[in-house]
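Novice: Residue numbers (this note's numbering), protein chains in the order written: chain W, 1 to 463; chain S, 1 to 463.
Check the hints yourself; a few may be wrong.
The list treats identical chains as interchangeable, and a pair is accepted whether it falls inside one copy or across any two copies.
[Unchecked claim] List of simulated lysine-lysine pairs, DSS-like, C-alpha gap at most 30 Å:
{"#": "1", "residue 1": "K291", "residue 2": "K350"}
{"#": "2", "residue 1": "K291", "residue 2": "K353"}
{"#": "3", "residue 1": "K171", "residue 2": "K53"}
{"#": "4", "residue 1": "K358", "residue 2": "K266"}
{"#": "5", "residue 1": "K280", "residue 2": "K395"}
{"#": "6", "residue 1": "K414", "residue 2": "K462"}
{"#": "7", "residue 1": "K79", "residue 2": "K174"}
{"#": "8", "residue 1": "K395", "residue 2": "K19"}
Treat the hints as calculated values from the structure; they're not laboratory data.
There are 2 protein chains.
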Amino acid sequence: MSTSTQADVNITKYLSANKERFMNELFDLLRIPSVSADSKFKADVQRTAEFLKEKLIAAGADKVEVCPTAGHPIVYGEKMVDPSWPTILVYGHYDVQPADPYELWNSPPFEPVIKDGKIYARGACDDKGQMYMHVKAFEALMANDSLSCNVKFMIEGEEEIGSDNLEIFVKNNKEKLKADMVLISDTSIISNETPSITVGLRGLSYLEVEVTGPNRDLHSGAYGGAVANPINVLCQMIASLHDENNRITIPGFYEKVQEMTEAYRKQLNESPFNLDEYKKELDIADVRGEKGYTTLERTGIRPTLDVNGIWGGYTGEGAKTVLPSKAFAKISMRLVPDQDNKEITELFTKHFKAIAPKSVKVEVRPHHGGQPAVVPTDSVEYRAASLAFEEAWGKTPVPTRDGGSIPIVSLFQKELGLNSVLLGFGLDTDAIHSPNENFGVFNFYKGIETIILFHKHYAACKK
Amino acid sequence: MSTSTQADVNITKYLSANKERFMNELFDLLRIPSVSADSKFKADVQRTAEFLKEKLIAAGADKVEVCPTAGHPIVYGEKMVDPSWPTILVYGHYDVQPADPYELWNSPPFEPVIKDGKIYARGACDDKGQMYMHVKAFEALMANDSLSCNVKFMIEGEEEIGSDNLEIFVKNNKEKLKADMVLISDTSIISNETPSITVGLRGLSYLEVEVTGPNRDLHSGAYGGAVANPINVLCQMIASLHDENNRITIPGFYEKVQEMTEAYRKQLNESPFNLDEYKKELDIADVRGEKGYTTLERTGIRPTLDVNGIWGGYTGEGAKTVLPSKAFAKISMRLVPDQDNKEITELFTKHFKAIAPKSVKVEVRPHHGGQPAVVPTDSVEYRAASLAFEEAWGKTPVPTRDGGSIPIVSLFQKELGLNSVLLGFGLDTDAIHSPNENFGVFNFYKGIETIILFHKHYAACKK
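Here chain W stands alone, though its shape is the one from the complex:
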């Protein structure tokens, strides 16, 4: 570990002196319901972008702007001190998942509160809390004249809906986004006792399917048994997408899946994981997944297919004997290297239409997707991240594979030729995308520290 300099001491003082203000600012950010998926929050999403613009300017960033897109805006800002310094492109997103079902929240999703050392609010972890750590780390470095890398910020408002316009923005602004690496905090660590760095991300193919039976809702007594019920048919079609070993039955689905070496699987399964605690924490009697793989492998190195939503017929109070005209489902597949999300989307669409009985009509509408990505562990970026964790947490972080998807990572590799470091500080218990999402107060402050140290070590490693 590096010995701490006067600058380090000053920064430590600055952080503790401004602790409360940092938290208050995060609360203000969390109070704005920036739900990108739902158009009725459009003005709030815009407001969130403006909020970030102000904070970046206050922290000392130059050329700060709210860049309009065909959808929600992208916030950009930079501090180019010395062309000879390495440049870090910080990526994050200020949009959040829808908060429903509201009734399952113990406190309103957009009225942040701290309970038992955790900040409860939609976006507390994903990604407002984690993204804002970078803004505050930057502020602290600027205030103490301790910047050692040039910094660029690119914070989008459409990560939860597929980052379509970010892709266009990146393609159109390659010069402006020139950097040496991308720094992202939108992932988790194993635990506060066992810090880790995500080196693998699953890709995503998300679709919506619509099954139509008769041209109108029918009386299930008069027609039941003679006319195809689109709900029954949809259930049969969805059920057929997995075999008895929970393998996905779409022809060609596994064709490009990288089979991991025994050595790699052994290493992966050595990460601290307790199946009994996992089941207890989720209140499930058993786990369920692809035969022949452990839970860590199922979420880390294997692709999946999940129904994220389903609806059809009468879902109100009481009973209605209807044979509905239509049934719908939202289905997503998590992908691993080297599956291609566009190709998988096509395979799904082709297969799903092929298995539809003649008695129904089927439509498949792709929502969004992302490519799987793997981050090299033998890079300067990874080493700097590892050193930052060691200094801040006193432990060498474990490299892990995360089941989630950050499509942007492969986009940066492809369009900008940049490696990303996934310097995440969340926990699996943060309930992101769920009611009562939360983020540890400890993790928020520790994250800021670690990011500051990353800047220092990255500059040193690049020398």
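Position chain S relative to chain W; hints supplied.
Specialist: Just chain S now, with coordinates in the frame of chain W:
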């Protein structure tokens, strides 16, 4: 056919003189949203009962009362002219199905309009329109001093939710309900060219199922593939309820099903039915049902299992990558003689819990049910109905089996020892239980005529 008397002529005059008023009254009745399944319409249901009370009194009924129950009230009224006359117990229901999805209605469900000779409104046919024909037929007979049978009215407000309180009412009022037969208009005829009388009804078992996976909504990236998704599991469980021949797989389900004789099936299949027109009218490329049976058999003499509603996960705008905690479905089974609805409900519950994987929890909540019933065609009641059709429609009606359920029919057989005559005037195209429910203006007026003639013929047949 009987020659028409002066009384017949007077009644005919009376009907045409009061045509418009009858329709206006029906419109007033249809404007009250008496949705029994949804508690927010409770006051409207009560208002509908009061409306009927007034109309029965105005028509000349005695002892008219709105009888409170544990749920929605039952309207009773009677006219006992001569103890030596046969007594007809008229049964009907003034409650309606929920009207949603509202957006699929071409005109508001509770603002009746006449278009192309049809009355469009929720309840226009089922059963306000058909029930009210009896009130007007009674009025016409009274006004022209032409009653030939004693009449009792029992009109309930819970038919669409299982008639639970009617069952109690019937058991507690056997003396009051003493009669020679029950007359019900809540079924359909084959077409206006081919009148028919329903002689078979399917029973019903209606349940709601709840499948619970993890104790909270999860991120499908972090947990997908490792934790059972309750929607996927529910789909698999529902799919497994039918085999490749579309036979229901619940053990014991078919045990008590009466296999019909070849002769009976032959007769049933002789009813006018055009499969191509049927498919064209529903805009389906093919029908779908139990292997080895025709469409008329599938809806008439075979039991079925349909999902009437399903929901779980994120069903809003856009995409949410959630692995939900719960998934739900409303499932109903249509039953045929001699299946017992309580027994079938138990068989379903036992089986559905048995097929649940260890990774989920399952709850099954029975909603309501009804017994299948068959009406004898060799009875005085059936003969009178047949004669009434012959005189009013100039054609001998065809005996048919209806897929729907009127649980009350078997209740009357069991509790009151009375046969029912299902003197229905609806059409399969009336879209009952669906958006744009309608009832033919012709059928409304023709039905009143036919009911009046039924009274006359029944009195004569009983002599």
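Novice: Checking an output row: K280 and K395, CA cutoff 30 Å. Within, between, both or neither?
Specialist: within (27 Å within a copy, 71 Å between copies)
Novice: Measure nothing new, just compare the shortest in-copy and cross-copy C-alpha distances for K291 and K353 to 30 Å and report within, between, both or neither.
Specialist: both (27 Å within a copy, 23 Å between copies)
Novice: State whether the alpha carbon distance between K395 and K19 is at most 30 Å within one copy, between copies, both, or neither.
Specialist: Answer is within: at 24 Å inside a copy they meet the 30 Å cutoff, but 90 Å across does not.
Novice: At 30 Å max between alpha carbons, let me know whether K79 reaches K174 within a copy, between copies, both or neither.
Specialist: This pair counts as within: shortest intra-copy Cα distance 17 Å, inter-copy 89 Å.
Novice: I want to check one pair: K291 and K350. Are their C-alpha atoms no more than 30 Å apart within a copy, between two copies, both, or neither?
Specialist: both (26 Å within a copy, 28 Å between copies)
Novice: Have a look at K171 and K53 and pick one of within, between, both or neither, based on CA distance no larger than 30 Å.
Specialist: Classified as within: same-chain Cα gap 22 Å, cross-chain 74 Å, threshold 30 Å.
Novice: Within a copy, between copies, both or neither: where do K358 and K266 come within 30 Å Cα-Cα?
Specialist: Between copies, since 28 Å is at most 30 Å while 47 Å is not.
Novice: Which holds for K414 with K462 at a C-alpha limit of 30 Å: within a copy, between copies, both or neither?
Specialist: within (22 Å within a copy, 90 Å between copies)
Of the numbered hints listed earlier, not one is contradicted by the structure.
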